[in-house]
Amino acid sequence: MQFQTVTNSLGAYSELQTTYGTFSYFRLGALEEAGLTTLSKLPFSIKILLESILRNENGYDISREDIEKLAAYNPESPQHIDIPYKPARVLLQDFTGVPCVVDLAAMRSAMARLGGDPARINPEIPVDLVIDHSVQIDYAGTPEALQKNTALEFERNNERYAFLKWGQRAFKNFRVIPPARGICHQVNLEYLATLVQTRTIGGKTYAFPDSLVGTDSHTTMINGLGVAGWGVGGIEAEAVMLGRPLYMLAPPVVGLELTGELPEGATATDLVLTITECLRKQGVVGKFIEFYGSGLSQLSVPDRTTVANMAPEYGATMGFFPVDAGTIAFLKDTGRPDSVVDLAEHYCRAQGLFRTDDTPPPLFQETLTLDMSTVEPCLAGPSRPQDRITLADMQATWQKSLQTPQEERGLGLGNGQTETSVEITCPDGTTAGLTHGSVVIASITSCTNTSNPSVMLAAGLLAKKAVEAGLASRPWVKTSLAPGSTVVTGYLEKAGMLPSLEKLGFH
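Under the numbering used here, the first residue of the sequence shown is numbered 409, with each subsequent residue one higher.
FYI, nobody ran anything at the bench for these hints, they're computed from the structure. The structure presented is a predicted model; accordingly, all values stated were derived computationally and were not measured. Incorrect hints may appear among the rest.
[As the list claims (entries may be wrong)] Just the calculated beta-carbon pair ranges, DEER-fashion:
{"no.": "1", "residue 1": "GLU876", "residue 2": "LYS740", "range": "46 to 54 Å"}
{"no.": "2", "residue 1": "GLU440", "residue 2": "GLN706", "range": "25 to 33 Å"}
{"no.": "3", "residue 1": "MET519", "residue 2": "GLU440", "range": "55 to 63 Å"}
{"no.": "4", "residue 1": "ASP490", "residue 2": "PRO883", "range": "56 to 64 Å"}
{"no.": "5", "residue 1": "PHE562", "residue 2": "LYS449", "range": "21 to 29 Å"}
All residues carry an ideal CB built from backbone N, CA and C; glycine is no exception.
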């Protein structure tokens with residue numbers, strides 16, 4: 409059980425009336441009434457941490473002193489405050505998640521050897537493991553690519569998948585999302601996240617913010633939905649699974665004000681690359697980024713998740729977007745039950761976790777401002793996301809990069825020798841001579857882009873125009889399309905984009 413108290417020393421227990429019934433919760437307003445804090449001054453992300461500590465007070469690993477220390481948090485000058493934080497759930501991807509399940513199995517074996525009941529060993533909080541990092545692109549550019557790659561995936565991972573299937577049946581509070589359903593972060597966004605979680609304890613149903621830690625750095629994608637979450641190592645994830653707090657320092661919070669709206673032709677990817685360049689220069693390692701300002705209402709939730717997803721690239725622990733009307737609309741649009749949507753809005757409003765354009769900004773350690781109307785179409789590279797290049801400068805930058813000695817670009821043979829051309833055999837049987845600067849891989853992938861409908865539909869439109877212009881992929885280029893979830897495949901099909909993508913080899 410994640411929390412066991414039904415009251416606490418500050419008398420914060422209360423009840424919330426919604427359209428679908430009454431829910432118990434721990435009211436943040438009680439801390440303000442006790443003179444411990446001014447909620448309007450606290451960043452939304454800090455209030456989520458504070459609610460967790462308030463709700464989980466047990467006099468053992470979380471005390472009243474812990475609550476009072478974080479309630480006294482000064483956003484403008486953060487103090488050294490240790491937080492025993494308990495997220496609501498854990499998200500695992502298959503590569504780093506399997507060792508966690510192995511450890512649970514080992515604990516059951518140890519329990520059996522000691523003469524106890526192995527079935528008592530279970531995650532204490534809900535755990536979801538999404539199999540998404542296993543598929544490799546052995547086959548590309550053919551209609552059978554997905555079928556053949558998936559068959560190889562099951563062949564290579566048969567033992568691992570059998571073990572995970574056993575784990576799903578054996579453990580309570582443990583679900584496995586099977587292969588070929590999507591990237592863990594997008595499955596989390598479209599299906600797993602509820603914005604407000606519930607638990608029934610002692611006949612009462614408690615409501616509290618959805619939050620998580622994940623064993624993948626891009627767990628931060630869910631911050632775009634107003635859910636606090638970030639990546640941790642396997643040891644930390646296991647500790648949280650078993651009901652232990654995640655001990656951390658109260659993070660400094662940097663406020664990034666967004667104003668205006670993206671100009672025509674600029675995408676969420678252009679926005680996040682601009683933000684990444686800005687924040688890398690600022691230096692935000694170990695900090696929360698919290699977005700605020702009128703520009704938030706101009707960004708869809710998929711655009712927000714694109715920005716939140718790249719928090720590891722700009723160096724922050726989180727890139728957090730508070731809950732607002734757009735968040736609630738997204739829950740409806742993605743088919744969450746009406747009862748879930750209703751509770752999410754009622755709870756967030758009652759706890760002061762709901763943002764509007766009229767909400768005064770909280771206090772931050774420091775603030776930055778970006779006028780989104782100044783964002784230009786751009787790309788990043790050749791290797792680092794902060795190396796942003798505007799589209800207007802791309803040709804000159806590309807030509808300059810080709811003047812770099814080949815050995816520095818990784819094409820040297822050693823001893824000062826370099827190849828000017830390498831002959832290869834293409835999948836169609838023809839031969840080609842590749843030179844310095846030849847493009848050999850073209851992949852529509854990454855959770856940053858494939859979670860965003862506007863970006864993916866733009867790729868489809870570009871493919872359509874390319875086919876109409878008579879363009880084609882070179883025979884030596886390995887092409888692949890890895891949608892973030894089956895939802896992406898669905899809307900590309902309905903929009904009539906797949907035939908053009910497939911004609912270019914993006915099956």
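Here is what the structure says about each hint:
1. GLU876 x LYS740: 46 to 54 Å: The hint (46 to 54 Å, Cβ to Cβ) is violated, given that GLU876 and LYS740 are roughly 36 Å apart.
2. GLU440 x GLN706: 25 to 33 Å: Since GLU440 and GLN706 have Cβ atoms about 31 Å apart, the given range 25 to 33 Å holds.
3. MET519 x GLU440: 55 to 63 Å: Distance hint for MET519, GLU440 is violated at roughly 45 Å.
4. ASP490 x PRO883: 56 to 64 Å: Since the Cβ atoms of ASP490 and PRO883 sit about 59 Å apart, the hinted range of 56 to 64 Å holds.
5. PHE562 x LYS449: 21 to 29 Å: Check failed, 53 Å falls outside 21 to 29 Å.
Hint compliance for this structure: hints 1, 3 and 5 are broken, all remaining hints hold.
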